[in-house]
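So the chains spell out like this:
Number of protein chains: 2
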Amino acid sequence: MHQSFDVKGGPKVARRNLPKLRRAITAAGLDGVLVPHEDEYQNEYLPEANERLAWATGFTGSAGAALVFADHAVLFVDGRYTLQARAQTDPELIEVRDLVAEGPAGWLRTEAPEGARIGYDPRLSSPDAVQRLAEAAAARGASLVAAAENPIDAAWTDRPPLPKALVVPHPLALAGESHADKRARLAKELADAKLDAALVTSPASLAWLFNIRGGDVAHSPLPLGAGVLHADGKAELFLAPEKVTPELRAHLGNAVAVRDEAELEAGFAALAGRTVRVDPATASAWAFDRLEAAGATVSRGPDPTALPRACKNPVEVAGARAAHVRDGAALTRFLHWLDGAIAAGEAVDEIGAAVKLEGFRSASEDLKDLSFESISSAGPNGAVVHYRVTTKTNRKLKRGSLYLIDSGGQYPDGTTDVTRTIAIGRPSREMRERFTLVLKGHIALARVRFPAGTTGGQLDALARQFLWAAGLDYDHGTGHGVGSYLGVHEGPQGISKRLNETALRPGMIVSNEPGYYKTEAYGIRVENLQVVTEPAPIDGGEREMLGFETLTLAPIDRRVIVKGMLSAEERAWVDGYHARVLETVGPLVEPDVCGWLAAACARL
Amino acid sequence: MHQSFDVKGGPKVARRNLPKLRRAITAAGLDGVLVPHEDEYQNEYLPEANERLAWATGFTGSAGAALVFADHAVLFVDGRYTLQARAQTDPELIEVRDLVAEGPAGWLRTEAPEGARIGYDPRLSSPDAVQRLAEAAAARGASLVAAAENPIDAAWTDRPPLPKALVVPHPLALAGESHADKRARLAKELADAKLDAALVTSPASLAWLFNIRGGDVAHSPLPLGAGVLHADGKAELFLAPEKVTPELRAHLGNAVAVRDEAELEAGFAALAGRTVRVDPATASAWAFDRLEAAGATVSRGPDPTALPRACKNPVEVAGARAAHVRDGAALTRFLHWLDGAIAAGEAVDEIGAAVKLEGFRSASEDLKDLSFESISSAGPNGAVVHYRVTTKTNRKLKRGSLYLIDSGGQYPDGTTDVTRTIAIGRPSREMRERFTLVLKGHIALARVRFPAGTTGGQLDALARQFLWAAGLDYDHGTGHGVGSYLGVHEGPQGISKRLNETALRPGMIVSNEPGYYKTEAYGIRVENLQVVTEPAPIDGGEREMLGFETLTLAPIDRRVIVKGMLSAEERAWVDGYHARVLETVGPLVEPDVCGWLAAACARL
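Those sequence lines, one after another, are chains Y and W. For the first sequence, this note's numbering gives the first residue as 1, with consecutive numbering after it. For the second sequence, this note's numbering gives the first residue as 605, with consecutive numbering after it.
Hints may be right or wrong, so weigh each one.
To be verified - Just a few of them, taken from the derived set where beta-carbon distance is under 8 Å, the chain Y residues facing chain W:
{"no.": "1", "residue": "VAL448"}
{"no.": "2", "residue": "GLY457"}
{"no.": "3", "residue": "GLN465"}
{"no.": "4", "residue": "TRP468"}
{"no.": "5", "residue": "ALA469"}
{"no.": "6", "residue": "ALA470"}
{"no.": "7", "residue": "GLY471"}
{"no.": "8", "residue": "LEU499"}
{"no.": "9", "residue": "GLU501"}
{"no.": "10", "residue": "GLY540"}
{"no.": "11", "residue": "GLY541"}
{"no.": "12", "residue": "GLU542"}
{"no.": "13", "residue": "ARG543"}
{"no.": "14", "residue": "MET545"}
{"no.": "15", "residue": "SER567"}
Simulated from the structure, these hints should not be mistaken for lab results. Since this is a predicted model, take the numbers as computed values, not measurements. A virtual CB, placed ideally from N, CA and C, is assigned to each residue, including glycine.
Take the sequences, apply the hints, and build the full model.
Spelled out as structure tokens, the structure:
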């Protein structure tokens, strides 16, 4: 099983651990400590050994930060986690506040104990964050102090060891470009920009640059480590020695020196007098400090691998197509099973459905992992955007409701992420109308053509316009980038209200996932992955336009569509999409499933 | 007449003036000089005395810059002016290059004569521009030198005097808020931001803040001068003494000290030790230098009047509505006349039509000026986005073509800006299809509802989506802000592909003007002004949404619409708009015009 439905965290955790942490803070000569959620690799998913925020506070969400003092502790979370944070903490021990509107810096500016020495771990925070926090603390006469040892690590006596999964080559047949070619290409860019080297700290960037994959964190095959790429194309890769095999050394060849990750700081000495690109969005204050201490000149700027990694090459796009056909067959089997179980009056609950779906995916030998913990949400739980089912919250799927299932798989040739909203019995007219508004937005973003230079932010309103016209909206982005057998959430591109200057380029994979959520009632989301297509002329037109090819292949529940609300073009899109689903997935599934799929893909 | 159709500029200008300028450069101990288009007030329209770029080069476009050396001169213009710049300059004397891709800074970085001393007038350039240019020059060992006297002003012996139009009060009945209330409101914002004062250099900001209007530049009633607003609500207004009347002094009262503009620098002395907000987007390097020299601390940031000025109050919105009814009647009379003249086989040319339209507008006693020189373009001239008809380019309106007329008026209660594309005879199927694509985009942007916080950049694609789908686009913004009896192009809001972080707020007036241009064939644009409406609930919805109310009232030519390309909702929008035009404008025009209007506004 790649998922667990146990309840983790909770108020007892802080009752047990905060006293230990406070003793460590005092022992370190500090008055308080900053506890960010992020670890030194800035990943979405952390190894258990790096779940410091959860250890200190009992809050298990995927984003947040805390400030812990001798007599007070404050936990900052964003809107999607407010309820969860309140449920997982004791208000006598921990005050929950807003991460976005206030955050640690806002709180320090008005509430920091005067003169307090507040420790931070420079490996866990970006240099910009440290500067903001230091300025805020200074406004109250307090100071931010780089801690030699993280007080949490000192207090966490039963901390599990860091994982040491073997790092394995990612074959050229799947990567589409050798790491030598990637290094040569990027080295030229470094040289052109008059840079001597780049420090690569993002595990996804390491994975892409060296064509390697790891297994240290759940759901993403990321190799935790660091790398330095030089302007001559040579490189060093810093990994824990336990992860390195002869096969990996052979794959990396002579131009890539494999070194112990513990020697990273020592390795900086070789960069004295050199100009080194470091990305403040992914590298820590520690990396900036240590490079400068080693005599290097730090050039702040984007990780040079971020954009080439986002633009998938034809081999990667072909892999994504293949992974989506395979994944679509698993999802189709699941949807067929679900319909049958509901029709037969079987009791189906969120955990049971998630387990069943994982089973269908796992039947493929190619499945390496799920790409995230499935969001399996029935009725009112569907309105919780980042819902994660546990044994405590598990609900039955009831007739007259909607079931929302957001899930994905990690295959060696591609990463998938798909959401379907399914009619359980006959949903209400309102549910079907709002589903159709969401679907109209999804179709607008699937069909759009656009010129080179267009950003996701410029397209976002296309997906929202029909909801807006009805006085509705959703409080999340419309689309995120997706890696190639890598992270399911990757930049630099995105489709959202947030400012993002990255233009959409051919080969970029993005999700298209508008939604609608009625609190305590139901949730709707329609999500496909789509890849940006090459510029192509349009009959009768004058300019080449980019566009999208939909990768995800699974039926959209026709029973939730109000056909009369779709234009002729929108109906044609749904029919065309379903014809493609039936044609590609149908031959892969069992005859009874295929019969069900044919009905599910019938013309509107 | 508010317009002239004379050919200005041209190669003879530089032949005459460049030698004079070169002597002045040498006399000033310089090797070259930077000649920006902008004057010290950063206006779109300049008084003739400040048309320095036109005087030096003969190029009369509204944007550009030149670098003049002893043996070489380079003129930088953007794409819309490339042809005009080539036509107005002698290639032996002046090299025309790209303003956007290269610009003076890009050129200096690779081409600056080594060691050259290049003069600039710090009153004409922003501090950021000066820094960029200085860094670029330094890369070649050249240096940028602040010139004590602008060599152009020294060489321009027959320079006309600066205009000294009287500055007059803008009545409270039109402004909707007294200048005392405006000053008090902004002063509180300054105090809250811990600022002691703000330097206001933008003439539009002066006009809005003090409820005054001037007459120094064509098409915009701008008072050229400067002001300082203090955090206690008091202010100084610096104007040439010839512009000040007892009536103005009475209007301004005791809290606004009127001083001679020549004393501005001396006035800075009172700001020693104070923190003063200055906007680098509108204030010159000179203002920054002189304030710092006077001992003030400069706080770089947005002009505090920019956002409140953009959000029209209810009195200003009511004024805009009234001005648009009046202006719509004039445009309707013109369109009626044009139809009749074409039907009667009369010879109509671009200048004749522009003069006729000005005549209809001037028949209103309220017209103060045109808001810009009308773009009256027939056939192929319509494809020149910033076309300005002269006696040399004047074309006849021919059957089977499109006539594009973009024009507007300045009325005491509002500024108008409207474009209509008119069928002359029967336009081709392609013309009508592309017109309809443009119209569909216009309608999408007119009908959209959107949540607070949405920027114009997020809505831009709505206006382009139908053209994009056909492989077409237009190379200008979709909408610009418009002042209230002020500039016809005002920020900070805008609807375009350019990054703009300003959210659309109730009361903001923007144009909605998608277009299509087929080079050497025809041009299409549909432009209405629309005002952002207050957040309002939508039946059955959950969230309040902003929207637009269309202000412009004039028929859209039904003969160019391919009805079958419009959805039912789009047809309903056109019919509803035309019903409103007929209802509001019909009663104001003569019976024969009204009869014509009724037919022009018939249901599709």
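These are the hints, each one checked on the structure:
The criterion of a C-beta within 8 Å of any C-beta in chain W is met by Y/VAL448, whose closest approach is roughly 6 Å, and the hint holds. With its C-beta approaching chain W no nearer than about 7 Å, Y/GLY457 sits inside the 8 Å limit, and its interface hint holds. With its C-beta approaching chain W no nearer than about 6 Å, Y/GLN465 sits inside the 8 Å limit, and its interface hint holds. The interface hint given for Y/TRP468 holds, since its Cβ lies 5 Å from the closest Cβ of chain W, which is under the 8 Å cut-off.
With a cut of 8 Å, the hint placing Y/ALA469 at the interface with chain W holds, because the nearest CB-to-CB distance is about 5 Å. Taking 8 Å as the C-beta cut-off, the interface hint given for Y/ALA470 holds, the closest approach to chain W being about 5 Å. The criterion of a C-beta within 8 Å of any C-beta in chain W is met by Y/GLY471, whose closest approach is roughly 2 Å, and the hint holds. Interface hint at Y/LEU499: satisfied, since its Cβ lies 7 Å from the closest Cβ of chain W, which is below the 8 Å cut-off.
Evaluation of the Y/GLU501 hint against chain W yields a held restraint, the C-beta minimum of about 7 Å falling below 8 Å. Proximity of Y/GLY540 to chain W holds as hinted, the smallest CB-CB distance being about 7 Å (cut-off 8 Å). Taking 8 Å as the C-beta cut-off, the interface hint given for Y/GLY541 holds, the closest approach to chain W being about 2 Å. Interface hint status for Y/GLU542: upheld, as the beta-carbon distance to the closest one in chain W is roughly 6 Å, under 8 Å.
The interface hint given for Y/ARG543 is met, as the beta carbon of that residue sits about 6 Å from the closest beta carbon of chain W, less than 8 Å. Checking Y/MET545 against chain W: minimum C-beta separation of about 6 Å stays under 8 Å; hint holds. With its C-beta approaching chain W no nearer than about 7 Å, Y/SER567 sits inside the 8 Å limit, and its interface hint holds.
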